[in-house]
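Protein chains: 2
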Amino acid sequence: MKLSEGVEWGLHCVAILAMLPPGATLPTKALAEYHDLSETYLAKHLQALTNARIIESLPGPKGGYRLQRAPEDITMLEVVEAIDGREPSFRCTEIRQRGPLALEPAAYGVPCPIHIAMARADKAWHEALRAQTIADLLSQSQPHAGAQQLRKSEQWIAGRMRRT
Amino acid sequence: MKLSEGVEWGLHCVAILAMLPPGATLPTKALAEYHDLSETYLAKHLQALTNARIIESLPGPKGGYRLQRAPEDITMLEVVEAIDGREPSFRCTEIRQRGPLALEPAAYGVPCPIHIAMARADKAWHEALRAQTIADLLSQSQPHAGAQQLRKSEQWIAGRMRRT
DNA sequence: GGATGAATACTCGGATATTTATTGTCCGAGTCATCCTGG
DNA sequence: CCAGGATGACTCGGACAATAAATATCCGAGTATTCATCC
Chain A
1 MKLSEGVEWG LHCVAILAML PPGATLPTKA LAEYHDLSET YLAKHLQALT
51 NARIIESLPG PKGGYRLQRA PEDITMLEVV EAIDGREPSF RCTEIRQRGP
101 LALEPAAYGV PCPIHIAMAR ADKAWHEALR AQTIADLLSQ SQPHAGAQQL
151 RKSEQWIAGR MRRT
Chain B
1 MKLSEGVEWG LHCVAILAML PPGATLPTKA LAEYHDLSET YLAKHLQALT
51 NARIIESLPG PKGGYRLQRA PEDITMLEVV EAIDGREPSF RCTEIRQRGP
101 LALEPAAYGV PCPIHIAMAR ADKAWHEALR AQTIADLLSQ SQPHAGAQQL
151 RKSEQWIAGR MRRT
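Protein chains in written order, with our numbering: chain A, 1 to 164; chain B, 1 to 164.
Everything labelled a hint here was simulated from the structure, so no lab data went into it. Don't take each hint at face value.
Pairs count within a copy or across copies, as identical chains cannot be separated in the list.
[What the hints assert, rightly or not] Taking lysine to any residue and the SDA-like style, the derived pairs with C-alpha atoms no more than 25 angstroms apart in a straight line are:
no.: 1; residue 1: K44; residue 2: A147
no.: 2; residue 1: K62; residue 2: A124
no.: 3; residue 1: K152; residue 2: L129
no.: 4; residue 1: K29; residue 2: A102
no.: 5; residue 1: K29; residue 2: S57
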């Protein structure tokens with residue numbers, strides 16, 4: 001059970017976009033350069049985030065991406081699901097209904113205990129990510145990176161962002 | 001993030017083996033027939049469960065598999081990890097240390113907030129599965145399947161198991 | 001000099017190859033039971 | 001009739017293909033800017 005590599009990229013990029021002034025945008029090229037990522041592959045993931053209504057794109061020169069909502073209103077779960085998909089990790093294929101001892105389907109009204117337990121674990125995972133917003137990430141990263149590093153990042157971003 | 005199909009197979013098979021009398025074994029062929037699974041592919045997963053010290057194998061005619069511990073001492077997490085692997089779902093590749101704004105590695109003593117949050121979600125998922133044992137699964141499936149169905153299963157198994 | 005028009009450069013969006021992991025299969029090593037032979 | 005040995009059949013174990021998914025890339029559609037031209 002491994003998560004797509006793009007999830008890490010997406011989370012970091014959304015965090016960067018959250019640092020922009022309201023309305024300003026940043027193109028794919030800048031986002032890719034910031035962390036030295038493949039520009040074309042990152043574009044694919046940004047597209048997924050756009051479809052999920054997390055970020056929005058402005059075409060043309062001076063175009064780029066920006067958040068569609070406030071960082072406080074975007075959960076990590078949304079970003080993860082936008083890129084990795086919304087399917088549960090465990091898909092019960094009901095193998096108990098197969099084989100020589102199978103009953104008629106009506107006899108299996110309740111999901112099997114294995115399915116229930118796996119769904120409970122999945123729910124715990126989802127809740128943990130739903131409880132964490134992008135704004136939380138920013139407030140937590142601030143103490144880690146020094147104030148000078150933060151200034152440096154903001155300057156770098158300011159040199160490439162486009163104001164409305 | 002999807003879980004291997006074999007996880008479902010493994011959990012069901014371990015549950016079946018837990019129904020056997022102490023010491024008795026059941027060969028791969030019977031386990032595969034019970035749920036109409038690919039015998040050869042199931043063998044691969046049973047092998048993984050053997051390496052994880054969850055089940056043990058007896059070779060030769062009258063051989064087969066049996067649990068290596070009591071059902072109360074086998075957690076769902078163990079079975080899942082034996083088949084799907086023990087790697088965490090999210091692998092932080094530290095992309096924050098890449099790109100034009102990267103600092104010297106010593107400056108990144110603390111994991112990034114994204115890594116922390118994902119690890120916390122992973123932990124919640126693991127704990128949920130660690131709290132559920134194979135014995136719990138059996139006690140929960142009993143009320144679902146009727147008593148007659150249970151008897152039917154036990155008879156089917158009794159006809160194919162090997163006593164020591 | 002100002003306004004209008006076309007050309008241009010840059011953006012995102014979806015369709016297309018390549019690599020990796022998962023799924024699925026096969027054959028060989030080892031072991032116990034059975035059968036045959038000899039006493 | 002009993003004991004011993006060789007044979008045979010069945011088991012698991014690891015190495016080997018086929019398929020699906022994730023990874024990575026390319027080219028086309030659209031838009032705001034820019035420049036040249038005309039009024």
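Hint check results:
{"no.": "1", "hint": "K44 <-> A147", "result": "neither (33 angstroms within a copy, 54 angstroms between copies)"}
{"no.": "2", "hint": "K62 <-> A124", "result": "neither (42 angstroms within a copy, 43 angstroms between copies)"}
{"no.": "3", "hint": "K152 <-> L129", "result": "neither (29 angstroms within a copy, 44 angstroms between copies)"}
{"no.": "4", "hint": "K29 <-> A102", "result": "between (56 angstroms within a copy, 17 angstroms between copies)"}
{"no.": "5", "hint": "K29 <-> S57", "result": "within (13 angstroms within a copy, 56 angstroms between copies)"}
Checked against the numbered hints listed earlier, the structure breaks hints 1, 2, 3; every other hint is satisfied.
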